Amino acid sequence: MISNKINRKIFTLLKVQYSNMLEYRVEIALWAISGIIPFFMLNIWTNNNLNESINISDVLLSRYFLSAFFVRQFSVVWVVFSFEEDSLMGKVSPYLIQPLNPFFRYFAQHLAEQITRFPFALIIAFFFFIFNTESIWIPNLGILLLSIVSTFLSFLIQFLIQSIVACLCFWTEKASSIERLLFIPTLFLSGLLAPVVSFPKYVKSWIYLTPFPYLIDFPANLLSGNETNISGGLSMQILWIFLLFPLFKKIWSEGTKKYTAMGS
Amino acid sequence: MNLRKYLKVYKKFLHTSLASELEYKTNILVDLITAILSLVGSIFLLSIFFQNNGYIGGWKFEQALIIQAIYTILNGITNTWFNPNLTEIVKHIREGTLDFVLLKPIDSQFFISLKKINPSGILEVMLGLLLLFFCIKINQINLNLSFLTLSSITISCSICILYSLWFFISTTTIWFVKTWNAIEVLRSFLYIGRFPLNSFSFSLRIFFSVFIPIAFITTIPSEVFLGLSVLWKILLEVIVATIFLITSRKFWLFAIKFYSSASS
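Here the protein sequences come in this chain order: F and D. With the working numbering applied, the first sequence covers 981 to 1244. With the working numbering applied, the second sequence covers 55 to 318.
It is worth saying that the hints were derived from the structure and are not from the lab. Bear in mind the structure is a predicted one, so any value in this text is a computation, not a measurement. Each hint should be verified, as a subset may be incorrect.
Computed footprint of chain D on chain F; a stretch qualifies when at least three of its residues, placed anywhere within it, have a C-beta under 8 Å from a C-beta of chain D [stated by the list, open to error]:
no.	segment
1	1006-1014
2	1017-1023
3	1144-1158
4	1162-1170
5	1175-1182
Covered, in the sense of this in silico footprint (three residues per stretch, anywhere, with C-beta under 8 Å from a C-beta of chain F), are these stretches of chain D [claimed, not checked]:
no.	segment
6	88-98
7	101-108
8	157-165
9	235-246
10	280-292
Simulated restraints, written as ranges between beta carbons of each label pair [unchecked claim]:
no.	chain 1	residue 1	chain 2	residue 2	range
11	D	312	F	1039	44 to 50 Å
12	F	1110	D	66	36 to 42 Å
13	D	114	F	1110	31 to 37 Å
14	F	1122	D	304	54 to 60 Å
15	F	1238	D	265	48 to 54 Å
16	F	994	D	312	35 to 41 Å
17	F	988	D	184	57 to 63 Å
18	F	1111	D	314	41 to 47 Å
Using N, Cα and C, we set each Cβ at its ideal position, and we do this for glycine too.
Isolated chain F (complex conformation) (with noise of 0.2 Å):
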């Protein structure tokens, strides 16, 4: 009865986001485009046969700029903008109102927006294939599905480290200045401009224990067959979210009890 009640909830939200993304599809295409800047650095490392320093064939570089492409496309999390916005214009108090924590509606909203958006990924990835026709490949399903779930985890970890810092415009007004801030280690330091592997020693001694190569660099690594350590890094994503979840059930406790609507 109750997992019933549950069941229809998730359907309902999901419905209703995705026939709203669905409205927006054009900004949805341009946003896959923007997407592209793997491909920009895959230009580089082959043009300049950089690859050849760190052993890994043209062919599998190419596959992992593209897996890094998917993957990225499939974790955006854009939570903080929204809820900044929806907390400045006075729109959470009505949220917080009704019997559901407002952050599943925002999470319904970027799994829509997924769905959305995998035509385009998938019209982008055909493009790339038809200018390197040598780099086709068909992964096993097992693998297929395990990079699946860490792209999913990695997503998860993601959307909770931007709920957190949504949840400071309890405080702030200006939140998403602080996920700017976020966003430049994880954009050098997650593997979308080069793969972990190509990092200095300096850097590979401590990176693995960020959650950053875990975002991009793993589930790139799994889908594309390049080496990686499978178990390990699925276990570290999971010892991520529930690092992260607790803080963000105190943070947002916390910032519930502070927050005053608009005119009281």
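Fit chain D to the supplied structure of chain F, relying on the hints for placement.
Leaving out everything else, chain D in the frame of chain F:
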């Protein structure tokens, strides 16, 4: 001439927008840290590219740093003027407030392009200048009058091209209403400006010189700094910048003919 009037109006713009921005002092600090980290990140990425190679696309590490410096200066200018103002066009059109701009006895493009200022971008420009002076020192560039004129001409042309690109895309909002993401696409392409053009493959080089002239924006000024630039390239940049400025002006005048205010 009403130049004096425009100067007076601009002074008022500066005053009001600085007053409102300085309300968020920590925000400026966070933005400055973001700019510093993003510069450190790109130098880190460059150092990965150079760790086993002496040259990338014919550029040494010290020379490639000049491109980073110029990119940082231009990015600072973008964040100071273009980003806060031109993203506002989208808001004007969605909320119908463009009417108020068009009714004012002042040029609408002037008003829309210079109304706001973001002081943290100026700090980023200074950061870029610091790096540039450091590069001048390590590359042993001797400063003389012709060098100074040429470099300031090329950098001002880059600013004009950059402004026109931003303004052009923001203007399309009049037809498409929501173009946040078109700006994101531009941003991701501009990211290429951090690397020497020669490090890309031939087809991408053509693309970035003909369709989106990112090549002109950072590579040509950097070549001037190194004394590698030939006269025809500088002349070409001046011509391209003029064409871009004139076209973007014409396009704006053409576009506002199609503007129908809200509820009409």
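Does the Cβ pair residue 994 of chain F, residue 312 of chain D satisfy 35 to 41 Å? holds (37 Å)
Using the Cβ atoms, figure out if residue 1238 of chain F sits within 48 to 54 Å of residue 265 of chain D. Roughly 50 Å apart at Cβ, these two residues keep to the hinted range, so it holds.
Examine the segment 1162-1170 of chain F for residues whose CB is less than 8 Å from any CB of chain D, and state whether their number is three or more. holds (count 4)
Lying within 54 to 60 Å: is that true of the beta-carbon distance residue 1122 of chain F to residue 304 of chain D? holds (58 Å)
Coverage assertion for the segment 157-165 of chain D with respect to chain F, Cβ distance below 8 Å, three residues required: Per the Cβ count (0), the hint is violated.
Assertion that chain F covers the segment 280-292 of chain D - criterion: three or more residues, beta-carbon distance below 8 Å: Since three or more residues must qualify, the claim that chain F covers the segment 280-292 of chain D is violated, with 0 doing so at under 8 Å.
Between residue 312 of chain D and residue 1039 of chain F, does the beta-carbon spacing fit 44 to 50 Å? At 49 Å between Cβs, range holds.
Given coverage of the segment 1175-1182 of chain F by chain D, tested with a Cβ cutoff of 8 Å and a minimum of 3 residues: That given contact holds, which follows from 3 residues of the segment 1175-1182 of chain F lying within Cβ reach (below 8 Å) of chain D.
Is the coverage entry for the segment 88-98 of chain D by chain F consistent with the three-residue Cβ rule at 8 Å? This one holds; 6 residues, not fewer than the three required, reach chain F with a Cβ under 8 Å.
Tell me whether the statement that chain D covers the segment 1144-1158 of chain F is true, taking a Cβ distance below 8 Å and needing three residues at minimum. Coverage by chain D holds for the segment 1144-1158 of chain F (5 residues, Cβ < 8 Å).
Hint says 57 to 63 Å; check whether the CB-CB distance for residue 988 of chain F and residue 184 of chain D agrees. holds (59 Å)
With a C-beta cutoff of 8 Å, work out whether three or more residues of the segment 1006-1014 of chain F approach chain D closely enough for the coverage to hold. holds (count 7)
Consistency note: the structure conflicts with the earlier hints numbered 8, 10, 12.
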